[in-house]
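J.: As a plain string of letters, each chain reads:
There are 2 protein chains.
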Amino acid sequence: MSKNLTSRAEDYSKWYNELVVKADLAENSAVRGCMVIKPYGYAIWEKMQAELDRMFKETGHQNAYFPLFVPKSLFEAEEKNAEGFAKECAVVTHYRLQNDPDNPGKLRVDPEAKLEEELVVRPTSEAIIWNTYKGWIQSYRDLPILINQWANVVRWEMRTRLFLRTAEFLWQEGHTAHATKAEALVEAEQMNDVYAAFAQNFMAIPVVKGVKTESERFAGAVETYCIEALMQDGKALQAGTSHFLGQNFAKAFDVKFTNNEGKLDHVWATSWGVSTRLVGALIMTHSDDKGLVLPPNLAPFQVVIVPIFKTDEQFEAISEKAESIIKELKALGVSCKYDKRTTHRPGAKFAQHELQGVPLRIAIGPKDLENNTVELARRDTLTKESVQIDDIASTIKELLEVIQDELFSKAKNFRDEHTTEVNDFETFKKILETKTGFISAHWDGTAETEQKIKELTKATIRCIPMSNKMEKGTCVYSGKPSTQRVLFAKAY
Amino acid sequence: MSKNLTSRAEDYSKWYNELVVKADLAENSAVRGCMVIKPYGYAIWEKMQAELDRMFKETGHQNAYFPLFVPKSLFEAEEKNAEGFAKECAVVTHYRLQNDPDNPGKLRVDPEAKLEEELVVRPTSEAIIWNTYKGWIQSYRDLPILINQWANVVRWEMRTRLFLRTAEFLWQEGHTAHATKAEALVEAEQMNDVYAAFAQNFMAIPVVKGVKTESERFAGAVETYCIEALMQDGKALQAGTSHFLGQNFAKAFDVKFTNNEGKLDHVWATSWGVSTRLVGALIMTHSDDKGLVLPPNLAPFQVVIVPIFKTDEQFEAISEKAESIIKELKALGVSCKYDKRTTHRPGAKFAQHELQGVPLRIAIGPKDLENNTVELARRDTLTKESVQIDDIASTIKELLEVIQDELFSKAKNFRDEHTTEVNDFETFKKILETKTGFISAHWDGTAETEQKIKELTKATIRCIPMSNKMEKGTCVYSGKPSTQRVLFAKAY
Chain A
9 MSKNLTSRAE
19 DYSKWYNELV
29 VKADLAENSA
39 VRGCMVIKPY
49 GYAIWEKMQA
59 ELDRMFKETG
69 HQNAYFPLFV
79 PKSLFEAEEK
89 NAEGFAKECA
99 VVTHYRLQND
109 PDNPGKLRVD
119 PEAKLEEELV
129 VRPTSEAIIW
139 NTYKGWIQSY
149 RDLPILINQW
159 ANVVRWEMRT
169 RLFLRTAEFL
179 WQEGHTAHAT
189 KAEALVEAEQ
199 MNDVYAAFAQ
209 NFMAIPVVKG
219 VKTESERFAG
229 AVETYCIEAL
239 MQDGKALQAG
249 TSHFLGQNFA
259 KAFDVKFTNN
269 EGKLDHVWAT
279 SWGVSTRLVG
289 ALIMTHSDDK
299 GLVLPPNLAP
309 FQVVIVPIFK
319 TDEQFEAISE
329 KAESIIKELK
339 ALGVSCKYDK
349 RTTHRPGAKF
359 AQHELQGVPL
369 RIAIGPKDLE
379 NNTVELARRD
389 TLTKESVQID
399 DIASTIKELL
409 EVIQDELFSK
419 AKNFRDEHTT
429 EVNDFETFKK
439 ILETKTGFIS
449 AHWDGTAETE
459 QKIKELTKAT
469 IRCIPMSNKM
479 EKGTCVYSGK
489 PSTQRVLFAK
499 AY
Chain B
9 MSKNLTSRAE
19 DYSKWYNELV
29 VKADLAENSA
39 VRGCMVIKPY
49 GYAIWEKMQA
59 ELDRMFKETG
69 HQNAYFPLFV
79 PKSLFEAEEK
89 NAEGFAKECA
99 VVTHYRLQND
109 PDNPGKLRVD
119 PEAKLEEELV
129 VRPTSEAIIW
139 NTYKGWIQSY
149 RDLPILINQW
159 ANVVRWEMRT
169 RLFLRTAEFL
179 WQEGHTAHAT
189 KAEALVEAEQ
199 MNDVYAAFAQ
209 NFMAIPVVKG
219 VKTESERFAG
229 AVETYCIEAL
239 MQDGKALQAG
249 TSHFLGQNFA
259 KAFDVKFTNN
269 EGKLDHVWAT
279 SWGVSTRLVG
289 ALIMTHSDDK
299 GLVLPPNLAP
309 FQVVIVPIFK
319 TDEQFEAISE
329 KAESIIKELK
339 ALGVSCKYDK
349 RTTHRPGAKF
359 AQHELQGVPL
369 RIAIGPKDLE
379 NNTVELARRD
389 TLTKESVQID
399 DIASTIKELL
409 EVIQDELFSK
419 AKNFRDEHTT
429 EVNDFETFKK
439 ILETKTGFIS
449 AHWDGTAETE
459 QKIKELTKAT
469 IRCIPMSNKM
479 EKGTCVYSGK
489 PSTQRVLFAK
499 AY
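Here the protein sequences come in this chain order: A and B. FYI, in my numbering the residues of the first sequence are 9 to 500. FYI, in my numbering the residues of the second sequence are 9 to 500.
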């Protein structure tokens with residue numbers, strides 16, 4: 009199967025699209041722009057969910073659930089937010105179908121079942137949630153509210169790609185309410201840190217933490233924190249965002265509270281989210297021309313055992329060994345699948361597990377039984393060796409940690425090699441045409457320059473890094489004075 | 009707070025509605041018929057999800073995700089299914105809003121952004137899923153497909169009640185594909201058994217397993233298995249259903265496979281689901297006039313510790329004890345919350361935890377420190393006693409198991425006391441007017457009689473119990489011959 013995969017060098021975009029489908033992660037559906045997430049792809053998302061959910065709860069958040077629909081009058085209440093999402097939202101106008109008198113056997117919208125007020129399928133939930141919070145908040149004693157929601161959202165994007173940009177996607181959205189601006193700012197930054205820690209420790213993806221420029225901010229936010237990653241084709245991908253919303257939504261929905269001095273004030277807000285887009289980032293960061301490469305911390309199963317046998321007796325003896333290895337691995341918290349299918353030959357199984365990125369493969373044949381060994385193959389390096397079966401479980405556990413670390417290092421080296429400090433616009437353009445990657449350059453701070461650079465090069469300001477040092481310089485485009493470098497790149 | 013709760017005897021329906029809101033489980037939203045599930049209510053649902061998900065995976069199922077929207081042409085493909093849901097479905101007709109020229113600052117549907125084909129918000133996913141399975145199945149080697157989905161669905165019900173019947177609800181829906189009728193039947197029955205085991209062992213709700221009559225079947229099913237529970241007001245509640253769909257969807261979507269004899273055949277199907285309705289069933293089965301009573305196996309936290317103190321020194325000494333108890337409980341897998349809020353007095357905390365149904369409450373005061381005791385209060389029996397602090401953790405663990413068992417027994421006794429064998433229609437009517445509950449009676453097997461009884465008494469046939477013995481008798485209404493009793497009740 010993997011032989012048929014287009015190589016990254018040949019056509020990176022085609023490689024990605026083919027890989028998602030061939031590795032059984034997802035496919036396009038009958039609904040324009042919506043995907044079907046297949047069990048193997050969904051298992052990766054479940055692993056991500058479990059870890060993120062744990063991190064949210066550790067930082068004091070609780071889950072809740074708010075309606076899928078936003079009545080139009082609420083949707084339009086926060087003007088900038090509405091403006092940002094109105095152009096791409098699915099709208100429910102009717103609540104019934106009836107038999108179509110002109111087409112027997114077919115249905116049509118019942119004209120008499122028109123809703124008094126249209127319902128927008130949530131593209132994000134600030135509006136419906138802040139309208140709810142209004143009833144929950146009277147005093148500073150009701151604050152903070154620290155809530156997260158796991159949900160589906162719909163944004164009617166015109167150009168879609170599996171995981172990266174789909175009309176419907178799955179995500180989590182945190183929505184918090186605070187008594188002070190300072191507390192809300194700390195929350196927004198904290199959640200961006202949580203995302204960065206998750207990306208680095210679980211996805212093995214190095215990220216730059218930063219804030220967005222005004223033109224790249226979330227519609228309705230005062231400040232947008234983000235984590236930015238670099239894909240293997242040198243394009244950046246925004247992997248998560250956390251917004252300080254100021255009092256914008258509290259004002260739009262009239263949410264006031266009595267503070268501890270007895271005065272009325274509007275509530276301060278944050279929201280933050282990551283989505284199934286992360287699965288796309290995971291694929292594009294680590295995978296190769298043979299297929300997926302999954303970091304052990306997010307692989308649906310970390311080890312697969314393939315028996316190699318001719319006789320039933322051999323199969324039984326191998327199975328006994330396999331089951332005992334699985335038991336030992338389980339005790340160490342390592343997940344392992346025993347691929348004993350009789351419908352596939354070992355070679356086909358090897359190809360499938362390679363394509364699907366299982367971190368470690370164990371093959372056991374009759375000779376291994378004699379020698380008390382197994383063949384252990386690493387997916388990331390495509391190397392294999394014969395290892396003694398004693399202590400195999402702890403060997404594997406350590407090796408999985410090594411793989412996790414090495415995937416991160418490899419991605420970080422790539423990112424660092426593809427991050428260039430640039431001081432003149434000619435070099436800026438040349439890099440985007442050849443090496444691509446992140447460009448660290450001075451910018452005069454105006455939206456006009458940002459826009460002009462985008463028009464000329466397709467590169468946008470991905471973020472103003474949090475780690476930035478103040479440094480005097482001149483804008484790479486306008487030559488005007490600047491105090492710090494920002495990160496440019498072409499982006500997904 | 010609990011003093012204000014309407015009693016069950018006074019008005020059961022009002023008691024339920026008040027309790028859901030006062031116990032902070034859920035509330036109505038700005039969207040007609042849709043609820044907001046608040047953190048405490050959602051935590052119960054999360055506990056249910058975790059356990060069900062474990063049971064589904066143990067029985068070989070994997071999770072996946074399919075689109076929220078069903079194109080109208082797919083929706084109408086399986087005729088009976090379409091007919092069953094067409095009257096109550098939300099329909100997306102447009103994909104954009106624009107500024108309303110007649111109302112500055114307002115938005116309206118953009119008439120130029122009309123969809124070529126309307127999209128139905130899924131009321132259930134058979135159509136979109138079987139249209140997808142068509143691409144996955146060619147041979148018997150591709151079978152079975154054992155998939156579950158956790159999702160939101162929308163049914164535009166006219167009369168809604170929090171958890172019990174809402175326009176949007178959360179659920180899981182299993183959709184499986186099989187090579188043989190026998191295998192599909194086994195699957196459908198197995199999943200009904202899984203639901204029954206979950207209801208009994210985790211929700212502490214006794215259920216009757218049975219099959220539905222033709223008129224009560226899921227639209228598009230050949231056979232519907234169900235579990236039926238009895239609420240405290242004597243009304244039945246359908247807690248879960250599992251459908252044998254025959255080849256109906258395979259035929260509607262042309263899903264054929266080559267069987268192991270090389271012949272083409274249509275695939276056999278099942279689907280099965282439970283929803284947030286279960287939270288409603290949980291509340292109505294166990295709770296009392298003081299508030300919620302939660303079975304320990306599904307309580308968001310099983311124990312709460314309330315410190316009773318006047319001085320900071322007392323608080324510190326009590327907190328030390330509390331933290332050590334929490335640690336011991338955690339080691340035994342018991343969840344415990346330390347309610348050290350300074351904004352509430354102990355009495356208010358007691359009332360809140362009673363209202364919210366925390367199974368066990370520990371109070372620790374200065375005297376307890378002296379005597380090495382704590383006050384331990386059971387929510388279900390409203391009893392309390394002073395117990396020695398030594399071995400408190402294992403005492404509590406055992407007590408939680410006792411509570412779980414006793415709640416089940418109590419509910420089972422109630423159910424058994426409210427199940428009456430009836431042989432004549434006068435008694436039938438009288439019971440429904442006074443004692444209510446399940447009525448076990450002979451039925452002649454016709455839809456006409458079933459309908460007539462419903463018109464006259466509002467009672468429906470809840471199920472034909474799986475445990476039924478064949479027994480000769482005469483129909484309670486028509487007097488015609490019958491071979492077995494069925495279960496009637498008024499139902500939610």
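Keep in mind the hints are simulated off the structure, nothing from the lab. Predicted, not measured: the structure shown is a model, and the values here were computed from it. The reader is advised that the hints may include incorrect statements.
Put simply, identical chains are the same to the list, so a pair is met inside one copy or across any two.
Using 25 Å as the maximum straight-line C-alpha spacing, the simulated PhoX-like pairs for lysine-lysine come out as follows [what the hints assert, rightly or not]:
#1 Lys392 - Lys477
#2 Lys122 - Lys95
#3 Lys438 - Lys88
#4 Lys335 - Lys392
J.: State the violated hints by number, sorted upward, taking the hints as numbered earlier in the document.
T.: The structure conflicts with hints 1 and 3, although it agrees with all the remaining ones.
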